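Participant: So the chains spell out like this:
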Amino acid sequence: MGFVMEDVKTHFLYPSSLFASNEPHIVSTILGSCVAVCLFDATTKIGGINHYMLPFWNGQGLASPKYGNIAIERLLEKMIALGCKKSNIRAKVFGGGEVIETNIAQFKIGQRNIELAMEALDDLKIPIVAKSVGGKLGRKIEFNTETGEVKQKYIEKT
Amino acid sequence: MGHKITDDELLDELKRRFEQNKIAVKELKTLNEELKIANKKLGESEALKSHFISNITNEIINPFTSILGLSRAILSVDKENWKKVVSMVALIHSEAFTLDFQFRNIFVAAKIEAGEIFPEIIYTNIENVIDSVLDSFKYEARRKKVNVDFKFDIKTDNQEPFLFKTDPEKLKLILANLLSNAINFSFEGGVVEIVAKIDKDDLVVSVRDHGVGISKENQKIIFDRFKRLDSGINSLNRGHGLGLSVNKAIIEMLNGKIDIQSEIGKGACFTIRIPESESFTSDLASEANETFFDTEEETF
Chain A
1 MGFVMEDVKT
11 HFLYPSSLFA
21 SNEPHIVSTI
31 LGSCVAVCLF
41 DATTKIGGIN
51 HYMLPFWNGQ
61 GLASPKYGNI
71 AIERLLEKMI
81 ALGCKKSNIR
91 AKVFGGGEVI
101 ETNIAQFKIG
111 QRNIELAMEA
121 LDDLKIPIVA
131 KSVGGKLGRK
141 IEFNTETGEV
151 KQKYIEKT
Chain B
159 MGHKITDDEL
169 LDELKRRFEQ
179 NKIAVKELKT
189 LNEELKIANK
199 KLGESEALKS
209 HFISNITNEI
219 INPFTSILGL
229 SRAILSVDKE
239 NWKKVVSMVA
249 LIHSEAFTLD
259 FQFRNIFVAA
269 KIEAGEIFPE
279 IIYTNIENVI
289 DSVLDSFKYE
299 ARRKKVNVDF
309 KFDIKTDNQE
319 PFLFKTDPEK
329 LKLILANLLS
339 NAINFSFEGG
349 VVEIVAKIDK
359 DDLVVSVRDH
369 GVGISKENQK
379 IIFDRFKRLD
389 SGINSLNRGH
399 GLGLSVNKAI
409 IEMLNGKIDI
419 QSEIGKGACF
429 TIRIPESESF
439 TSDLASEANE
449 TFFDTEEETF
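In order, the protein sequences belong to chains A and B. For the first sequence, the residue numbers in this note's numbering are 1 to 158. For the second sequence, the residue numbers in this note's numbering are 159 to 458.
One or more hints might be untrue.
Quick list of the computed label-pair ranges, beta carbon to beta carbon [stated by the list, open to error]:
hint, chain 1, residue 1, chain 2, residue 2, range
1, A, G135, B, R301, 57 to 67 Å
2, B, K296, A, E119, 51 to 61 Å
3, B, F222, A, E119, 40 to 50 Å
4, A, A81, B, L189, 31 to 41 Å
No lab work stands behind these hints, which were simulated from the structure alone. Here the structure is a predicted model, which is why all the values come from computation and not from measurement. Yeah, the Cβ is synthetic: ideal placement off N, Cα and C, and Gly gets one too.
With the hints as extra help, turn the sequences into a complete structure.
Facilitator: Pasting the structure below:
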């Protein structure tokens with residue numbers, strides 16, 4: 001279509017931040033090795049999204065959603081605070097591209113970020129209904145918090 | 159190779175190892191469960207803390223703003239018989255200033271931890287930003303008898319003010335944290351030197367004190383939250399060690415870096431390097447409005 005039909009609010013999601021709202025929003029973000037987990041409750045039509053850069057908080061510095069384990073838990077808390085039921089929540093996972101080539105496992109941040117999402121969502125018993133992860137390209141995604149729909153296109157780098 | 163292993167021996171050995179593995183796996187499972195519980199508890203306390211703090215923001219910031227404003231107004235009255243009043247008010251101001259400053263750090267830390275903070279990039283007059291931070295610390299520096307020396311080493315054409323694309327409020331907090339530490343860790347009569355310059359298109363600001371200094375081991379941990387260094391002079395100073403971890407997080411948000419140069423007894427120099435932001439916050443917001451071309455996008 002190339003244009004927005006209705007006047008839906010937009011939000012640009014910065015790395016290390018998260019967003020959830022019971023008002024319809026189009027949230028966009030740009031992912032390289034970062035991962036974004038989109039959570040959606042179809043019953044309440046509430047959606048939320050995070051954008052984390054590293055898998056685990058190491059206990060040093062601030063416990064921010066820069067880290068996957070914190071970002072996923074905190075997003076879920078926020079969704080529940082907005083009135084979602086955990087059992088109704090479904091997840092879509094994006095990003096984790098290896099935009100910088102490396103053979104050293106410790107440096108494969110994209111891969112580690114993806115694994116963290118899979119494990120954390122599995123632990124929380126939240127089903128993953130769609131994903132587009134890995135590869136060598138960056139991604140731009142748009143998440144519609146009212147429908148749970150995610151549009152994605154590949155980009156050269158972040 | 160004198161002894162050849164028989165099949166029975168091999169089987170026994172395998173059995174033994176299998177049992178050992180079983181025990182190890184069981185132990186690992188228990189440990190894992192314990193870790194999960196600990197992690198959950200940690201998560202719960204984290205969530206509690208974040209919620210509590212974001213709820214009390216207004217209740218605390220507002221009274222402090224009034225206390226600061228009032229005491230500041232009284233401080234500027236310069237009459238002989240007001241001396242005692244002024245000295246008392248100076249104390250009130252100092253107390254309130256410290257609390258106000260600490261609370262701001264706590265609130266920003268809470269926002270960072272809640273993922274509710276992002277850069278708000280505008281054209282920023284760097285000299286004004288630094289001046290306003292220095293001005294806010296004027297009475298603190300005077301009380302501690304510390305001189306603050308500021309050198310603005312950035313030249314512009316036509317005496318136009320120097321403008322830099324960054325987040326002025328975050329920059330103010332970064333500098334306030336560095337200056338607060340520098341003043342607190344200075345000896346009476348000491349000097350704090352601030353230099354701002356442009357290096358390879360980045361904004362570089364250094365804040366140097368001539369106080370007790372920080373050991374190499376401590377330099378590694380000072381950015382951890384709630385850590386404060388234990389050294390002699392420290393007991394006289396307050397703080398909850400949040401400032402530098404807040405600084406680190408905000409500097410990262412602006413894609414910058416922070417370095418320390420210090421030796422025990424020779425003071426400390428903190429240098430921040432912040433690249434100019436590529437786009438304004440408003441650009442990104444409008445870019446977020448653009449929709450994709452049908453041919454390139456996929457829907458999930």
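Participant: Measuring from beta carbon to beta carbon, are G135(A) and R301(B) in 57 to 67 Å?
Facilitator: With a Cβ separation near 58 Å, G135(A) and R301(B) satisfy 57 to 67 Å, so the hint holds.
Participant: Mind checking the hinted window 51 to 61 Å against the Cβ distance between K296(B) and E119(A)?
Facilitator: holds (52 Å)
Participant: For F222(B) and E119(A), compare the CB-CB distance with the range 40 to 50 Å and indicate the outcome.
Facilitator: About 44 Å separates the Cβ atoms of F222(B) and E119(A), which means 40 to 50 Å holds.
Participant: With respect to the beta-carbon atoms only, verify the hint that A81(A) and L189(B) lie 31 to 41 Å apart.
Facilitator: holds (32 Å)
Of the numbered hints given earlier, the model fails none.
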